[in-house]
Amino acid sequence: MTVGGAVAEMTRLLTPHVGADWDVRAGSLDWSCWETAAHIAHDLTAYAMQLSAGTDDAYLPLDLVVRPGTPPARLLQIVQGCGRLLTAAVDAAGPDARAWHWGPTDPTGFAALGMNETLVHTYDIAQGLGLDWLPPEDAARTILDRLFPDAPTTEDHADMLLRCTGRRGETGPDWTLRAARG
10 MTVGGAVAEM TRLLTPHVGA DWDVRAGSLD WSCWETAAHI AHDLTAYAMQ LSAGTDDAYL
70 PLDLVVRPGT PPARLLQIVQ GCGRLLTAAV DAAGPDARAW HWGPTDPTGF AALGMNETLV
130 HTYDIAQGLG LDWLPPEDAA RTILDRLFPD APTTEDHADM LLRCTGRRGE TGPDWTLRAA
190 RG
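10 is the number of the first residue of the sequence shown in our numbering; add one for each residue after it.
These are computed hints drawn from the structure, not numbers from a lab.
Since the structure is predicted, the reported quantities are computational estimates derived from the model, not experimental observations.
Any given hint could turn out to be false.
Stated by the list, open to error - What follows is a list of derived Cβ distance ranges for each label pair: (1) L143 - P80: 20 to 28 Å; (2) R34 - T79: 28 to 36 Å; (3) G28 - T64: 38 to 46 Å.
All C-beta atoms, glycine included, are put in the ideal place defined by N, C-alpha and C.
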């Protein structure tokens, strides 16, 4: 799966529920479902900007602000556009490109970060809306391999991804997200 695939999965799952109350809490987060979706859009944009600018020492002082009152259907369109921005940035970057995400991160790291943000927060939104959904196994495996190299090997990649990101049970002491690689 790719960033585009992760955003497509989010859109597929949530589009039938755009009429629901998105002001409810998103799973275990302190944010609402609406705020969580806006956060996904922000992070996808921020990752695209970091990689495109090649910033090597800090985060760019950039925030995507989604106007309050934006309906969930429009918010999903914003996430789609932001996903395309990150996809374009990853595709345009050479394999030696690096940008800051707690250290020098290559394009595959930014792609994995985008997939992780999209799918883990889609899980949060799904929980808030009462939907039974887990991240796709292939995507979870890709994210675990790239961002959580010290997580235990398992056959249930979706469960392990949710554990590594604090959604299910305790996390292991060395299961730290590591996008940066010199």
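Here is how each hint holds up against the structure:
1. L143 - P80: 20 to 28 Å: 27 Å, holds
2. R34 - T79: 28 to 36 Å: 19 Å, violated
3. G28 - T64: 38 to 46 Å: With Cβ atoms ~40 Å apart, the hint holds.
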